[in-house]
Structure formats: structure tokens, C-alpha cells
Amino acid sequence: MVSEEKAKKLDDLLISYMTYLDEFIQLKENLSTLMKSGHWNLGRARYSMGSIAVSHFKYPDYMTCSYLLSLNQENSTTKISKYTPDLTNNNTSANKSSSSLRSRKNIKSDDNKHDSKLIQEIMDSVVSKKEEDDEYEDDEDDEEFAKKMNLAKHPINWFGVLVPPTLRQAQKDFTSAMDATLHLANIVLKMQEIQRVYKLEQSSI
Amino acid sequence: MAEKRVQDNALVAVIADEDTITGFLLAGVGHKDKKRQENFLLVDNKTSQARIEQAFRDFTTKREDIAIVLISQKIADDIRHLLNDYDKVIPTILEIPSKDHPYDPSKDSIMSKVKRMTGTE
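Order-wise, the sequence lines are chains H and D. Just so you know, the first sequence maps onto residues 1 to 205 in this note's numbering. Just so you know, the second sequence maps onto residues 1 to 121 in this note's numbering.
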């Protein structure tokens with residue numbers, strides 16, 4: 001005989017599971033729409049630039065992922081969120097000697113400093129992930145690598161300098177699609193956790 | 001309840017056709033280091049099923065820096081046996097539509113798990 005309390009708990013779990021399922025289905029439809037638009041714009045860009053211009057032949061030798069994720073543990077559920085490197089220290093050190101109001105002629109050089117700090121941050125994260133890679137000792141290699149990493153940082157530049165607006169729109173569509181998949185992944189994790197708890201509660205009856 | 005950070009700098013892996021890969025690479029998902037280790041597999045009509053299975057196993061078991069694996073549903077159908085046996089939490093597997101094959105919820109592994117849980121299967 002199932003107690004009323006246990007039955008209510010199982011019902012609550014099932015209701016929240018169905019709520020997440022509804023959200024999952026809506027997000028999938030949203031993802032389909034975004035990807036459809038992305039493919040359409042990619043096709044249009046390929047039509048104007050040429051089929052080889054927007055293809056795997058243009059992928060560079062090195063790529064740096066700018067869409068990084070961080071995993072957090074909350075109670076017994078894992079949560080995935082977008083990782084943004086902390087650049088506040090770099091920013092303060094770059095602007096240490098300058099006042100809060102920058103003169104116009106110094107903005108460009110400050111931006112270059114900021115960009116090079118960002119490249120350094122990304123390089124550090126790549127180096128820390130692959131600690132056994134010992135090929136960064138030569139200074140010239142570092143500079144060459146930094147140039148390639150700068151290119152790798154902006155994927156739109158792989159396909160040329162003056163790219164059509166359709167390619168930029170495709171990039172926006174797929175970036176939104178990535179945000180949707182991130183949200184989807186978190187929904188799936190929550191559903192898996194509810195499934196686990198539900199099975200546990202059911203087996204204890 | 002406080003959140004505990006488990007891992008930073010995790011990547012998204014993609015197993016899909018050229019257009020889908022190009023799109024997600026434009027979004028900044030691609031990663032290729034000096035050892036030519038990539039976080040994506042471009043699948044065309046010459047790619048063998050063994051290659052796809054190997055890539056799936058690499059992304060889900062060998063590599064520890066992948067948090068999400070995106071796989072086109074058409075390609076997922078070819079390695080359905082691996083997806084049905086997959087029971088890890090991280091990396092999370094998500095089936096995505098491709099240019100030529102729209103998303104079919106009846107084939108999604110998540111939906112089949114839902115059916116099993118609700119007893120409709």
C-alpha cells in the first residue's frame with residue numbers, strides 16, 4: 001500500500017518532469033528554426049562567395065574555442081553555463097597608469113593591449129589544458145602562434161576579410177542555436193536527475 | 001544552496017555534416033590544438049560507421065574536456081546502439097536536426113527514455 005505522502009511526492013516529480021519535457025520540446029523547435037535560418041543564410045553566402053569559399057577547405061590549422069563552458073555542481077544536479085574568463089585583472093593592469101577618461105588617440109592602443117591580453121588569456125587556457133605540449137619555448141614561435149590564435153579567435157575571418165552580411169547572419173543564427181543547446185543540455189540534466197529520484201522513490205515502495 | 005565549480009574551459013563536441021559543422025564553428029565552438037586534436041567530426045558519404053563510433057567514444061569516454069556532444073539525428077541513427085547504452089551524465093548528448101533531415105522526436109533517445117519512464121512504450 002503506497003502512503004499518501006509518497007504518492008504525492010511521485011506525482012510532484014512527474015509533474016515537474018512533464019513541465020521540463022514541455023520546455024525541452026519547445027526548445028527543440030526553437031533550435032530547429034534557428035538552424036534552418038542558419039543553413040539558409042549559409043547557403044546564400046556560399047552562392048555569393050563560391051562553394052569552396054565557405055567550406056571545410058577554409059578551416060584553419062589552429063582553432064581556439066571562444067564558446068567555452070563551465071560545469072557547476074548544485075545539490076546533486078550538474079549545471080552547465082557559458083564560461084567567461086575573468087579579464088577584470090587584465091583590464092585594471094592595462095589601465096593602471098591611465099585615468100578613467102581615455103583620450104581618443106590612446107583608445108586604439110588600449111584596445112590593442114586589451115586584445116593582446118585576451119589572446120594571452122586564451123593561450124594560457126590552451127596551455128594549461130595541454131600541459132605536456134612543450135613547444136612554446138621559442139619567442140618567435142610564440143609570436144607566430146599568437147597571430148594564428150588571433151585569426152582563430154574570429155572564425156568569420158577564415159572565409160575572407162569582406163564577408164557578405166548573410167554569412168554574419170548565419171553566424172548569429174548558429175550562436176543563438178548554441179545558446180539554445182546550452183539551455184537544452186541543462187533541461188536534460190534536470191530531467192535525468194528527476195528520473196533518478198523517481199526510480200529511487202518507486203523502488204522504495 | 002551554494003554552487004560548486006567542477007570544471008572550467010569545457011568544450012562542445014559536434015558530429016555532423018559539413019554545413020552544420022561550419023555553422024557551429026562560426027559560432028566559436030571549434031577547437032584544434034597543435035596536435036591536430038579536434039572537437040568535431042565532419043561526416044560525409046565517405047565517412048565509415050567505425051569512424052563515427054570511434055569519434056563518439058573519444059568524445060564521451062577518452063576526453064575529459066567535453067561537456068556537450070551535439071550529433072545530427074541522421075548520424076545518431078547509425079550509432080543508435082551506442083546512444084541507447086550511454087548512461088553518463090556528462091557529457092550530455094543532444095540530437096540536432098541537419099539541413100536535409102528535420103528533427104524527428106520519435107527517434108530521439110531522450111524521448112524514448114521519457115516513454116519508458118511514463119510507461120507508454
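In case anyone wonders, no lab produced these hints; they're calculated from the structure. Treat the numbers as computed from the prediction; the structure is a model and nothing was measured. Positions of the beta carbon are idealized from the N, C-alpha and C atoms, including for glycine. Careful, some of the hints might be misleading.
A partial selection of chain D residues facing chain H, derived with a Cβ cut-off under 10 Å [to be verified]:
1) Asp8
2) Thr22
3) His31
4) Leu42
5) Ile52
6) Glu53
7) Leu70
8) Pro105
9) Ile110
The hints, checked one at a time:
{"no.": "1", "hint": "Asp8", "verdict": "5 Å, holds"}
{"no.": "2", "hint": "Thr22", "verdict": "7 Å, holds"}
{"no.": "3", "hint": "His31", "verdict": "4 Å, holds"}
{"no.": "4", "hint": "Leu42", "verdict": "6 Å, holds"}
{"no.": "5", "hint": "Ile52", "verdict": "17 Å, violated"}
{"no.": "6", "hint": "Glu53", "verdict": "21 Å, violated"}
{"no.": "7", "hint": "Leu70", "verdict": "6 Å, holds"}
{"no.": "8", "hint": "Pro105", "verdict": "7 Å, holds"}
{"no.": "9", "hint": "Ile110", "verdict": "6 Å, holds"}
Comparing the model with each numbered hint stated earlier shows that hints 5 and 6 do not hold.
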